[in-house]
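A.B. asks: Let the sequences and hints guide you as you build the complete structure.
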Amino acid sequence: MAEQPVKHYQVGTFVIGNRLLDPDQRSVQARMERSNTLTSGHRACRGCGEALGARYALDAAMRATGGSVIAANATGCLEVFSTPFPESSWQLPWIHSLFGNAPAVAAGMAAAMKAKGREEVRVVGQAGDGGTVDIGLACLSGMFERNDDVLFICYDNEGYMNTGVQRSGATPPAARTANTKPVGSEPGNAFGQGKSVPLIAMAHEIPYVATATVAELRDLEAKVERAMELRGARYIHAFVPCPLGWGSASEDTIKLARLAKETGLFPVFAAEGGEVTAVSKIRRRTPVVEYLRPQRRFAHLFRPEENREVIDRIQAGADRNIARFGLIDGEGSGDV
Amino acid sequence: MLEQLEGSQAIARTVAACRPEVISAYPISPQTHIVEGLSDLVRAGDLAPCEYLMVESEFGAMSACIGASAAGARAYTATASQGLLYMAEALYNASGLGLPIVMTLANRAIGAPINIWNDHSDAMSQRDSGWIQLYAETNQEAADLHVQAFRLAERISLPVMVCMDGFILTHAYEEVDVPSPERVDAYLPPFEPRQVLDPDEPVTIGAMVGPEAFTEVRYLMHAKQLEALDLIPSIAGEFESAFGRRSGGLVRGYRIEDAETVVIALGSVLGTIEEVVDELREQGVRIGALAIKCFRPWPSQEIRAALSDVGRVIVLEKAFAVGAGGIVGQNVRLALGGGARIHDVIGGLGGRPITRRSLRTLLEDVLADRLEPRLLHFLDLDHDVVERELERLRRGGRPGPHAENIVRELGIVAARPH
Amino acid sequence: MFGVRIHGRGGQGVVTAAELLSVAAFDEGRHAQAFPTFGSERTGAPVVSFCRIDDRPIRVREPIAEPDALIVQDPTLLHQVDLFSGLGANAYVLINSSRGIAELGLAELSGRFRRERLLTVPATALAREHVGRPLPNAVLLGGFAALAGVVSIDAVAAAIRGRFPGPVGEANVAGAEAAGGYVRGEVGGLVGA
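Chains as they are written, first to last, in the working numbering: chain A, 1 to 336; chain B, 1001 to 1418; chain C, 2001 to 2193.
Since the hints were derived computationally from the structure, they do not count as laboratory data. Worth double-checking, as some hints may not be accurate.
[Stated by the list, open to error] Partial pick of chain A residues on the chain B-facing surface, computed with a CB cut under 7 Å:
| hint | residue |
| --- | --- |
| 1 | Phe81 |
| 2 | Pro84 |
| 3 | Leu92 |
| 4 | Pro93 |
| 5 | Asn101 |
| 6 | Val105 |
| 7 | Val121 |
[Said to hold, decoys possible] DEER-style ranges, computed between Cβ atoms:
| hint | chain 1 | residue 1 | chain 2 | residue 2 | range |
| --- | --- | --- | --- | --- | --- |
| 8 | A | Glu33 | B | Ser1241 | 52 to 58 Å |
| 9 | B | Asp1040 | C | Gly2181 | 35 to 41 Å |
| 10 | B | Asp1382 | C | Leu2104 | 44 to 50 Å |
| 11 | B | His1402 | A | Arg308 | 54 to 60 Å |
| 12 | B | His1402 | A | Ala190 | 35 to 41 Å |
| 13 | B | Val1203 | A | Thr65 | 46 to 52 Å |
| 14 | A | Val183 | B | Ala1088 | 32 to 38 Å |
| 15 | C | Pro2165 | B | Leu1390 | 17 to 23 Å |
| 16 | C | Glu2103 | B | Arg1357 | 35 to 41 Å |
| 17 | A | Ala190 | B | Asp1382 | 33 to 39 Å |
| 18 | A | Pro23 | B | Val1203 | 31 to 37 Å |
| 19 | C | Gly2132 | B | Ala1048 | 34 to 40 Å |
| 20 | A | Gly332 | B | Thr1215 | 57 to 63 Å |
| 21 | A | Gln193 | B | Gly1397 | 35 to 41 Å |
Only a predicted model underlies this, so the values are computations on that prediction, with no experimental measurement involved. We treat Cβ as the ideally placed atom computed from N, Cα and C, and that holds for glycine.
C.D. replies: Structure, rendered in structure tokens:
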């Protein structure tokens, strides 16, 4: 492996590509021969979690396959900011077809490769949460149940950011969006709605399902690498904060992703064949308030005064995740 | 070799002879026998290498074909009616991306009211989708058109829809010389994609295009369709040389040389029309028929040339633009300009048989100038039933669903002789 | 042009019967066209199928409103559906029943059609005997071949064997031949009488 000697003054950090680790354990981004699959010059917002997640995930997939990946992309931010005609940031073969069909397009690509005897060419499908949990769900479920040889990655920023921040089936309760404004008696998005596509994916008993956040990019990479070791339908649900849609500071993207995990609001785990095989434990238990307060989409929970009742309901949801996934040792069964 | 077999089986075997590498389909009547036949051939290993994807919807079916075609595979699907509408978004995408997918459309009506029988509402609803649309008169022609469709699609990098009348053709047992794999191999070269997702040469397909270039990209689609007007006759000619029979092309005239009156139609009804033309010719009426084999692109010049000396044209079509009029009729007017007197006649909706008797009555009315050319005419329309239902509406209140009222009034018994 | 209309119920092989008849005619060098009244009919619902046979290629696609022959696979349809619509005086009528025309309450038909062309044949009973299942369609075709003579019993047998290779086909052929023998006997009796 080509190495670039760099003088390090930080030790023990996990965010500079782990260049102090053994070469095999280092991030793909620490390598000179990284593929830059989503290369610089694209038009994502400052602090875009989706651009970061997509870059790490696809570069990891490229490394795992020796650069033999073709990708299908749903309509959405990732598609728009990466390919304004005639420019493209994609350095891998890439197709955008429609909003709701990326899993089916990817399935067709995988079928083509199989028919052509080119099964060394691997297929990745990707979409935001709208293209995955809402409009793309039927095609995704079909791809899962047929066990098509596709890794599908959802970059979940919890709303329709490309169209101006509307609610999706992945928008959390109480969040303000363009169509769940903080007006009326129950401000923000309703409680008791939404869905967990990772759990839906597990119900298909596909070979691999995992969640990850852009706060732990080595974990995301490792999950992509594991996914590429397997054949059949695989699903990774990556949590990617959106400064624009969430009303958060662009420098807080990583912090918010970490808080989502540390509060228990976004459980990070992996499952194989429908059974949970690994859970990322919460290192420092954190109340949800710390996650909510920096985001303007939750500002109405703190002004004019703190809305304890709603915050408690959100906390109760986090606590349920902690118990359900066993995110803290000794709390809950961990029986998903 | 001629065989007596079901139309759908002839199509399945012909498509298999074209060696598609990916088939992706969702079941809908009356397309089912075609894709069942192909599934059998793939499972038995008679069609290999080929991946058959049993998708969750027609939208998924066309989308998988898009992915497969973009990855360089020859891709095929089949659908009908509601299924075509459900894949509409993907249809425009496939043509916009210039992917040479071939699809059989087993023409069927669109609901509501739900109706599984034949008409052309489905195909006509997607006439502007950028797909080439070919129409078969017989099962022989339907089979032959599939072979030509793959060749045409791949030559010009556009998707092609082969329209065959649902049930009337798909479920009819008649004689077909199924194109043999050997002859198809000689006629249809391997698929050489114009664009392909290949790790050795990465390309971006489907990028966003803004106002600065969208017009030019769309114009290219139009230019390619116009190019197809030249290609289709030459491909049909090469087919005739290779297989020894005439199939396809743009239009086909029947006894139009000295005709004063010509009936224009698409699809399987042409045979019935020819019978009536022969009957009237025996009575000395100078009448002929013109089959439109290719509706998109629209063969304006060929139609104008075929009808240059014709005074009266009857456009008999199995769909219409609700609130406007005939669809094929409008296109015929576009081709002919002024001159001929054009009658728009809608018939065969939702599987109502177009009979020789009805056609004779219609043509006798036209010949005797009893049919007002400016009005849209509905063949065999039961005016009494319509009037009674309109009257019920005028009475106000809650008259209930039209379909239920009319069916109850007619006292329809299942499976009347016709 | 010779047109045949077949009435029966969903599950009785009404469509298959028309198809087999068309194959038999095709194998004898004729042109043939078979098609169903396409429907989403479920098991037990009334179903109609058609077969045209001609020496010239067949162009017409409409249903057969004025058939030259009628095959009724299910006698329970007799008083439910207008089975005899469009039939001329010289038409052939073959009804699956172990009872006679008069017993079926169809005595008035005797005047409408030529007596030696109006027959019942116990096809369900013959099917039970030869095939082991009450599926009368192929058996009736044997009777029809004997009654109308538009296709030969051998061509019908070949069509049955082609569609159902093996013992099932052989059993149906045996049933069809038995029905043919029965019909020849009946016709002989009527002509002789």
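A.B. asks: Among all the numbered hints in the text so far, which are the ones the structure does not match?
C.D. replies: Violated: hints 1, 10, 13, 15 and 17.
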